[in-house]
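Protein chains: 2
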Amino acid sequence: MSIAILFGGSSFEHEISIVSAITMQKVFKSTTLVNIFVSSDREFFLIEAKDMKSTTFSSGNYKKSKKLQLQKGGFVISGMFGDKKVDVDAVLNLVHGRDGEDGKIAALMEFYGVPYISPRLEACAMSYNKLYTKFFAASVGVKTLPYELLSKTSERKISIPLPVIIKPARLGSSIGVSVVKNISELEYALDVAFEFDTDVLIEPFMDGIKEYNQAGCLTDKWELSIIEEPHKVEFLDFEKKYMDFSRDGKVSSAEVSSKIEAGIQESFKKIYDPLFRGSLIRCDFFVQDGEIYLNEINPIPGSMANYLFEDFENMIDRLVKSLHTESNIKVDYQYIHSIQSAKGKA
Amino acid sequence: MSIAILFGGSSFEHEISIVSAITMQKVFKSTTLVNIFVSSDREFFLIEAKDMKSTTFSSGNYKKSKKLQLQKGGFVISGMFGDKKVDVDAVLNLVHGRDGEDGKIAALMEFYGVPYISPRLEACAMSYNKLYTKFFAASVGVKTLPYELLSKTSERKISIPLPVIIKPARLGSSIGVSVVKNISELEYALDVAFEFDTDVLIEPFMDGIKEYNQAGCLTDKWELSIIEEPHKVEFLDFEKKYMDFSRDGKVSSAEVSSKIEAGIQESFKKIYDPLFRGSLIRCDFFVQDGEIYLNEINPIPGSMANYLFEDFENMIDRLVKSLHTESNIKVDYQYIHSIQSAKGKA
Numbered sequence: 001m002s003i004a005i006l007f008g009g010s011s012f013e014h015e016i017s018i019v020s021a022i023t024m025q026k027v028f029k030s031t032t033l034v035n036i037f038v039s040s041d042r043e044f045f046l047i048e049a050k051d052m053k054s055t056t057f058s059s060g061n062y063k064k065s066k067k068l069q070l071q072k073g074g075f076v077i078s079g080m081f082g083d084k085k086v087d088v089d090a091v092l093n094l095v096h097g098r099d100g101e102d103g104k105i106a107a108l109m110e111f112y113g114v115p116y117i118s119p120r121l122e123a124c125a126m127s128y129n130k131l132y133t134k135f136f137a138a139s140v141g142v143k144t145l146p147y148e149l150l151s152k153t154s155e156r157k158i159s160i161p162l163p164v165i166i167k168p169a170r171l172g173s174s175i176g177v178s179v180v181k182n183i184s185e186l187e188y189a190l191d192v193a194f195e196f197d198t199d200v201l202i203e204p205f206m207d208g209i210k211e212y213n214q215a216g217c218l219t220d221k222w223e224l225s226i227i228e229e230p231h232k233v234e235f236l237d238f239e240k241k242y243m244d245f246s247r248d249g250k251v252s253s254a255e256v257s258s259k260i261e262a263g264i265q266e267s268f269k270k271i272y273d274p275l276f277r278g279s280l281i282r283c284d285f286f287v288q289d290g291e292i293y294l295n296e297i298n299p300i301p302g303s304m305a306n307y308l309f310e311d312f313e314n315m316i317d318r319l320v321k322s323l324h325t326e327s328n329i330k331v332d333y334q335y336i337h338s339i340q341s342a343k344g345k346a
Numbered sequence: 001m002s003i004a005i006l007f008g009g010s011s012f013e014h015e016i017s018i019v020s021a022i023t024m025q026k027v028f029k030s031t032t033l034v035n036i037f038v039s040s041d042r043e044f045f046l047i048e049a050k051d052m053k054s055t056t057f058s059s060g061n062y063k064k065s066k067k068l069q070l071q072k073g074g075f076v077i078s079g080m081f082g083d084k085k086v087d088v089d090a091v092l093n094l095v096h097g098r099d100g101e102d103g104k105i106a107a108l109m110e111f112y113g114v115p116y117i118s119p120r121l122e123a124c125a126m127s128y129n130k131l132y133t134k135f136f137a138a139s140v141g142v143k144t145l146p147y148e149l150l151s152k153t154s155e156r157k158i159s160i161p162l163p164v165i166i167k168p169a170r171l172g173s174s175i176g177v178s179v180v181k182n183i184s185e186l187e188y189a190l191d192v193a194f195e196f197d198t199d200v201l202i203e204p205f206m207d208g209i210k211e212y213n214q215a216g217c218l219t220d221k222w223e224l225s226i227i228e229e230p231h232k233v234e235f236l237d238f239e240k241k242y243m244d245f246s247r248d249g250k251v252s253s254a255e256v257s258s259k260i261e262a263g264i265q266e267s268f269k270k271i272y273d274p275l276f277r278g279s280l281i282r283c284d285f286f287v288q289d290g291e292i293y294l295n296e297i298n299p300i301p302g303s304m305a306n307y308l309f310e311d312f313e314n315m316i317d318r319l320v321k322s323l324h325t326e327s328n329i330k331v332d333y334q335y336i337h338s339i340q341s342a343k344g345k346a
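Those protein sequences? They're chains C and V, same order as listed.
Counted the way the numbering used here counts, the first sequence spans residues 1 to 346.
Counted the way the numbering used here counts, the second sequence spans residues 1 to 346.
Keep in mind that a hint or two might mislead.
Each pair may be met inside one copy or between any two copies, as identical chains are not told apart.
[To be verified] Calculated lysine-lysine pairs in the DSSO-like style (CA-CA distance at most 30 Å, straight line): (1) K321 to K67; (2) K50 to K64; (3) K64 to K85; (4) K270 to K152.
Derived from the structure by calculation, the hints contain no laboratory data.
Could you put together the complete structure from these sequences and hints?
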């Protein structure tokens with residue numbers, strides 16, 4: 001099995017995507033990895049294994065690597081004597097944030113007929129925008145927290161009692177997110193959030209609420225991770241975030257009742273199937289008074305949440321083997337032929 | 001001003017996209033048009049003006065045209081002596097149905113930094129799926145008809161009284177759509193719809209309901225078309241559909257009260273701004289008992305609904321001049337530098 005790790009992108013999470021990709025080098029042991037970097041100005045580079053370290057990117061040395069073009073069927077190295085295809089069984093979309101999670105990479109792979117692990121375009125649109133995530137969750141019978149939506153031009157009035165959490169509608173990794181405990185902090189928190197988006201979601205901030213993460217995918221069977229109770233910190237500073245995206249060790253299961261465990265697994269499956277087929281995602285849930293709420297969908301979790309799975313590498317292998325493609329649409333020009341013959345008769 | 005008309009695509013509406021594109025040749029009078037055909041197997045061809053006729057495509061003769069590649073900055077013709085860029089002010093996405101309306105073309109243009117007229121990726125996702133259109137409309141305060149959703153695996157039971165209209169969730173141009181008047185027709189109608197999609201919407205079919213179309217866009221100002229009352233037919237056969245996508249004459253305004261006119265315009269603006277900026281769309285509304293309901297969003301209407309506008313060509317010119325691009329994200333590797341220096345200290 002050979003997999004292309006696609007990482008970088010024009011994204012606020014460009015750098016943590018690099019961290020995720022470097023982590024993958026340790027996680028995959030018997031798979032042949034090909035590393036394809038998307039620079040912040042959206043050019044593709046083939047990065048050799050020895051160069052998969054952060055300095056390659058921060059120094060700009062990646063520019064010395066071979067450039068790739070995306071064409072029908074996959075990535076190619078253009079050369080004097082024609083194009084040479086980069087041969088892989090699938091591309092693993094590891095571009096966090098914009099480009100990767102908003103659906104662009106999925107659209108590119110789909111259009112050019114490249115097998116890929118990633119949420120498809122529609123799944124990306126529904127998870128990238130936290131407002132749409134709420135619509136979608138409701139439509140499949142999964143609860144989310146109550147919320148208000150403010151747009152950049154609307155009046156800055158909220159009716160949810162403090163404390164609240166303020167989130168740009170479209171970003172991940174806690175960028176632009178603030179907790180507001182006093183009304184005096186509201187204006188500034190909104191200014192920060194509107195720096196990143198035209199739409200902002202406001203939700204109640206519940207201090208004691210329990211948080212659980214469930215990752216998984218559907219191969220020829222359901223492959224659900226253990227349930228993790230993440231360490232709760234109000235903000236992740238860079239070292240904590242680095243830790244989060246470079247994890248490759250194992251963690252232990254959260255202590256939850258079998259009822260909550262079953263409820264979380266059930267909610268995960270409702271979210272995942274069928275919209276997220278072809279991807280490995282992590283869903284973050286809140287639990288309060290026995291009720292389960294979806295907090296957010298991580299469509300491309302840091303280091304693919306490998307640390308939550310017993311047998312990550314073989315699962316990815318099974319996922320690649322179960323990838324589906326869009327239905328084939330046969331164009332036979334019957335319609336145009338009919339017009340031509342109708343015109344001929346006239 | 002020069003515009004590339006992008007048409008074709010891997011779509012059930014491939015052929016009517018060709019009809020739309022041919023119509024554009026007559027509609028644009030002082031604009032330089034470049035015609036880029038996307039074959040049904042998704043290769044790009046530069047079609048010369050003299051070949052812009054349906055036989056070029058139905059005969060397969062388009063394959064003799066120059067092939068194009070999409071690269072950073074635009075389309076290029078690859079040749080012996082390097083790449084030659086196809087120089088245009090903007091691309092007009094005229095791919096109806098899949099590829100064009102589902103967000104793939106938008107993603108490609110956005111990724112490669114090509115100015116383009118089209119709904120952006122998120123707008124495509126919300127209009128391509130009729131269920132999501134309902135969520136979106138509700139979120140901006142526009143009513144839609146009541147509905148039920150059936151998925152391929154769910155029980156085939158409906159509670160909306162007959163007659164109902166059955167629609168695949170994701171297709172346009174009445175493909176797979178049926179009106180069911182007797183319960184005996186239901187099974188077959190659902191079979192047909194599920195041929196095209198895994199999700200099907202069921203809505204009440206209201207025989208006497210009034211239907212009005214409103215097209216428009218936002219340039220440096222609102223540019224709203226006249227309101228049209230389309231000819232109501234239960235099904236469009238190929239000749240009527242051909243008529244619809246090849247229209248270049250003018251039509252007259254529907255006779256509506258100033259209150260309904262203002263209501264339709266208001267609803268259009270709520271749908272359009274900001275999600276559909278950069279595009280020219282047509283919204284189809286129902287009116288009953290003075291209430292306005294969004295029926296559907298046509299994100300890329302047939303022949304761009306040119307026949308509804310007084311001054312189509314100049315409006316497109318203004319639209320091109322007002323196109324926005326994604327915000328630029330500066331990647332400065334500050335985060336990676338911090339990790340490196342933190343590690344250095346350890």
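For each hint given before, does the structure comply? Return the numbers of the non-compliant ones in rising order. Of the numbered hints, all hold.
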